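Whenever a hint applies, use it, and build me the whole structure from the sequences.
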Amino acid sequence: MADIEHVVVLMLENRSFDSMLGRLYPDDPDYRGLTLNEYNTFGNSGFGVWNNTGMTPATACMPDPDPGEAFTDMNFQLFGTSGRSDDVPPTMCGFAENYVTKAKGAASAVMHYFTPEQVPMISTLAKAFGVCDCWHASAPCQTWPNRFFAHTGTSLGYVDNKTFPIPFRAPSIFGRLEDCGKDWRVYFHDMPQSMLLRDVWSLATSHYRFFSQFLADASQGALPSYSFIEPGYFIDLFDNFMPNDEHPPHNVVHGEKLIADVYNAVRNSKCWKSTLLIITYDEHGGCYDHVSPPPAVPPDDNVSEPDNFSFNAYGVRVPAVLVSPYIPPGSKIRPPPNTDGSVTPFDHTSIIRTLRELFDLGDKLTARDDAAPSLAGALSLAAPNNDGPPSINPSLVQALPAVLSARAAAAPNSMQESLANAAANLPLSAPASDDAIQAGVTPTSAGYPTVALAAASATARTNLFLGVSTKHS
Amino acid sequence: MNKESAQRSFGLFILVWCVVAAISQAAVPVTGQSAPPAAESKSVASTSAPAPSTDGAISAPAPKEPGSVQIFGLVDGPSGPLISGKDKANHDIQSRVGLNGKLWVVLTQPLPLSPDKYALFMNGTEVKGLEPALDGSYQSEARATMHALVFTLQRNKNNDSFWKDLLGSVAGMHVPVVVSLGEQSADGKSARPTIVGSGVAASSFELEVIGFWRLIFALAVVVAVISLVWGHARTRTTLRNSYLPQIKPSQQTYSLARWQMAFWFTLIFAAFVGLFVVLWDTNTISSQALALMGISSGTALAAVAVDVMKDSPADAANRGLQALGLKTYADVLRVQQEIADRKTELAGLETSESDARHGRHGRSPAEERRKQLQIEIQDRDNILRTYNANIQPFLTQGWFKDITTDINGTTIHRLQAVCWTFTLGAVFVITVYRTLAMPEFNGTLLTLMGISSAGYVGFKYPEVNS
Chain Z
21 MADIEHVVVL MLENRSFDSM LGRLYPDDPD YRGLTLNEYN TFGNSGFGVW
71 NNTGMTPATA CMPDPDPGEA FTDMNFQLFG TSGRSDDVPP TMCGFAENYV
121 TKAKGAASAV MHYFTPEQVP MISTLAKAFG VCDCWHASAP CQTWPNRFFA
171 HTGTSLGYVD NKTFPIPFRA PSIFGRLEDC GKDWRVYFHD MPQSMLLRDV
221 WSLATSHYRF FSQFLADASQ GALPSYSFIE PGYFIDLFDN FMPNDEHPPH
271 NVVHGEKLIA DVYNAVRNSK CWKSTLLIIT YDEHGGCYDH VSPPPAVPPD
321 DNVSEPDNFS FNAYGVRVPA VLVSPYIPPG SKIRPPPNTD GSVTPFDHTS
371 IIRTLRELFD LGDKLTARDD AAPSLAGALS LAAPNNDGPP SINPSLVQAL
421 PAVLSARAAA APNSMQESLA NAAANLPLSA PASDDAIQAG VTPTSAGYPT
471 VALAAASATA RTNLFLGVST KHS
Chain U
8 MNKESAQRSF GLFILVWCVV AAISQAAVPV TGQSAPPAAE SKSVASTSAP
58 APSTDGAISA PAPKEPGSVQ IFGLVDGPSG PLISGKDKAN HDIQSRVGLN
108 GKLWVVLTQP LPLSPDKYAL FMNGTEVKGL EPALDGSYQS EARATMHALV
158 FTLQRNKNND SFWKDLLGSV AGMHVPVVVS LGEQSADGKS ARPTIVGSGV
208 AASSFELEVI GFWRLIFALA VVVAVISLVW GHARTRTTLR NSYLPQIKPS
258 QQTYSLARWQ MAFWFTLIFA AFVGLFVVLW DTNTISSQAL ALMGISSGTA
308 LAAVAVDVMK DSPADAANRG LQALGLKTYA DVLRVQQEIA DRKTELAGLE
358 TSESDARHGR HGRSPAEERR KQLQIEIQDR DNILRTYNAN IQPFLTQGWF
408 KDITTDINGT TIHRLQAVCW TFTLGAVFVI TVYRTLAMPE FNGTLLTLMG
458 ISSAGYVGFK YPEVNS
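In order, the protein sequence lines correspond to chains Z and U.
Mapping of the first sequence onto my numbering: residues 21 to 493, in sequence order.
Mapping of the second sequence onto my numbering: residues 8 to 473, in sequence order.
Wrong hints could be hidden among the right ones.
Said to hold, decoys possible - A short, non-exhaustive set of chain Z residues, derived as facing chain U with CB atoms under 10 Å:
no.	residue
1	L257
2	T470
3	L473
Said to hold, decoys possible - Heads up, simulated DSBU-like pairs for lysine-lysine below, C-alpha to C-alpha not over 30 Å straight-line:
no.	chain 1	residue 1	chain 2	residue 2
4	Z	K277	Z	K290
5	U	K378	Z	K182
6	U	K350	U	K255
7	Z	K147	Z	K182
8	Z	K147	Z	K290
9	Z	K182	U	K135
If you're looking for bench data, these hints aren't it; they were derived computationally from the structure.
All values reported here derive from a predicted model rather than from experimental measurement.
All C-beta atoms in this analysis are idealised placements derived from N, C-alpha and C, irrespective of residue type, glycine included.
Structure follows, in C-alpha cells:
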C-alpha cells in the first residue's frame, strides 16, 4: 500500500463533470465524457452541448446567471417534468428548461462545456495523474448538504442550504481525526463552511488557518495529515480578490489559479512523495452532465421534509482529479466492482472512507461512507515515481475595478447568502469546550442586498469567531 | 516627535530671528528707555571736541581749531532732539531713522563747498548712490540755528551690498552706526571721511533696521499664513493624502510632497515678507527660490499623478468601503449613529419586555422588534468592523513617520527627500538672515534637490502598487 501521510482536499463549487472535463479524452471511447451528441430540449428546440473557442471573460463565467440549485431545481434537471422517482433512472433532460424558467437565462448556457485548453490547470493534472469519471455528488442537493456529506457522511435530512440548523451536529471526520491523534487543518479564504460543524467549534481557533498558511506549511514540509481547503466564496474588494470557488457565474480562471497554487505548493513540498491531493467540486450547480446518478445507500434514517427524500440517490457527476506520485499518468480512476458485479461510484464520502483507511481512524461515520469505495486503489504505483510537472502556471488575470465593483454590488448567490446568515448567528468567539455549545438554531435571515454586505457579515463574524483580525493574520 | 511638536518646532524655526527682534523691541520703548548695549561699531577717527549734552540741548559749539568743520550731532528733522549720543540714562538713543528716512547731519559751522560735494560715510564706508545732499537748517532746542546736510538713505543697485552688509545678521531692531562726511574728489568717484563728530557720541546713532509696527504687521501676516497652512494640517487634509475619504481628516496620513511644497512656500513667503518690511523692496525673490518652489510643486503634482495613474491598494479599499455604503466619513458617523439609536431603542424594549410577555404566547411584538434591532445592530457592527480592519494601513502614524515611510516601512527615497529639504531649508533661512536676500543656490544644489524629488516620485510608483 502506498505510503500516504498527507491528504489534501480542495473542494470547489458547482460545476459538473461534463462541463469541466467532458472533453478531456475525446477520442477515447472508454472515457465517460461527452460525445457531442448530448442535448436537452425545451419547447420545440433542442440544445446540444457546445463550446466556443477562446476564453473570453464571458465564456469563463458561463453559465451566467447562476442556474437553479435547490433540491426542486435538481429534480427537474434530472427528471424533467415527470418529477423524481425511485423507480426510473434520471433522464438528465431538464437542465435547459429549468435554466430558462428558473434562472431566466439562455438555455444554451447550461449546455456549455470547457475544452481542456480553456481549463488547462485541472486538465493538465487530470492527464498527468488521474481523473475520476465516476465521481458523483453525494446527493442531488445544494452545496451545504454535499459539503456536510464530505465531512460527516450525511446531511441529516436537509437538502437546501438555508434550512440547516447551526451548528450542524453530525460527527465529522475532523472530530474523528482529533480523537485518533491525527493533525488536521482547514485552510480557508473568507468564511469556511466547515466551521458550521459542531464538533470543530471548540477546536476552530487552533485548526482553522487562512490559505496563505497552507502555502507556508507546504513550503516548510509541515502539512498535517489532513488538509481541507475551502476556496474564496466572496469577492474581497479590499484585496481585489475575485471568488475562486468557480461557482457560476464566477470566473473559472480564478479557480484555475487556486488549483495551480495548491498543486505547486504540494508538488514542491517536502511532503510531496507522501501526499494525495484530491481536487473536486461539491455539486454540479445546474450545469449539464449526461450520466444519470445511480441509487445510493442512505446514510441514515433521516428524510427530507416535505420532499420525503431519503438520500438514496447520488447527485450529478462532478469533476474529480487525484494527484499523487503513486498514480500513473493518464489514469482513469474508477471504483472497483462489488462482489455482485455492481459498481458503487465514488462520491464525497469516498474521502472519509479513504481517510479512515489510510490513517486507521476506526469505524464508519455513516452507512454512506461505509459503502463508499476507497480512493486508495488509485495509488497503484509501487513507488512514488510519477512526479508530474514540476509546476503548472496559470494565466494571470486581474479583474478590472469596474468588474469587481459590479460583482460586489450584485445580489449574493444562495451559498453566499446562507454563509452570511449563518455567520450572523455564530457566537462572538469559538466555545472553549463542547459543553459550552448550545443547540442548533436555524439562522434568521438578515437580508443582504449585495455580495459586499454579505461578505462583510461573513468575514467580520468569522474573524471574531476565530479570534483573528485580518484576512492575512 | 509627535505631529504637534513637529509643527510647533518648525514654526519656531522659521520665526526665530523675528521673535528675537520682537522680544528685544518689547523690552525697549522706541526712544528714551533702556536698551541693551549696541554692538561695537566699526571704528572711525574720533576727536576731542565737546559732545552735545545727553538731553540733546545744544550748547555753543567749541571747534577744535578755527575754521574746522565737525559733526555736532544727528537728527531726523529740522528740529527736535538729537538722535545721536546718549539719553539721560546714558543709553544709546534708538532712532527712528532707517532705510528710506532722512538723516540730518548737524555741523558745527557751514561747509565751504556746496552740499553735493560731500559724501556720507557710515561706519567708515561711503554710502554710494545716494542723491546729493541738501542744505538744511536745524533749529536746536536752545533756539540756535545750525547748518546741516540732509541725506536720504536710499537703497539702490549702487549701494545694495552696503545696506545688506549693514543690516544683515542683526541681533535686534537697530544697528549702531558712526557717521562721517567726506569731500568728493574732483572726479566725484571717491572720497575720504574727513568731517567727523565733535565726539564719538555726536556722530553715533542707532539706525533703525525695522520699525515696531512694521515688525508686528510682518509677524501677523507670516503667522496668519503659517496658521492657515500648518494649523489646518492638524485637522484638515491640507497637507494630507486623503487616500480614503472615509477616514476622519485628522487621521489621514501626511503627504511628503505636499509637506515639501508647504515647507518651501512658507519659507519663501516668510522671507519675502521679512525682506519687504526691512528693505521695502518687492523684488527679492531669486530665480533659485522660484526653482525650489517649482521643484516642490512639480513633485507634488507628479506624486498626485502617480497616485491616480494605477489602481492602488487605497483604490481597492475605497471601492470596498463604497460597496458597504461608506462613501465619506459622514457615512461612518451615520452608521455609528444608527447603531446608537438602535441600542437606545433596544434598551427601552428590554425594560418593558417583562410587562409585554405576561399572558402572551410566542413572540411578542417587542420581542420581534428586539430581534430585528439586534440583527440591524449586528449588520452595522460588521460593516464598522470591516471598515476598521481595512483602513489601518491608511491611518496616520504621526507626521514624521508618515512622510518617511510607505505601507511597507521606512524608505530611503523618502528619507533622502526629507533630509535634503531640511538641509536646504536651513541654508535658506540662514542666508536670508545674514544677507537680507534669498539665496542664490547654485545649479548643483538645485540639481541635487531635483534628483531627490525625482527619486521620490520614481520610487513612489512601485510604492503605490505595493
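Outcome of the hint check:
1. L257: Since the shortest Cβ distance to chain U is 3 Å, the answer is holds.
2. T470: Because about 7 Å separates Z/T470 from the closest Cβ in chain U, which is inside the 10 Å limit, the hint holds.
3. L473: holds, 7 Å
4. Z/K277 to Z/K290: holds, 22 Å
5. U/K378 to Z/K182: holds, 19 Å
6. U/K350 to U/K255: holds, 24 Å
7. Z/K147 to Z/K182: violated, 37 Å
8. Z/K147 to Z/K290: Measuring from Cα to Cα gives roughly 23 Å; hence the hint holds.
9. Z/K182 to U/K135: Measuring from Cα to Cα gives roughly 97 Å; hence the hint is violated.
Going through the hint list in order, the structure does not satisfy hints 7 and 9.
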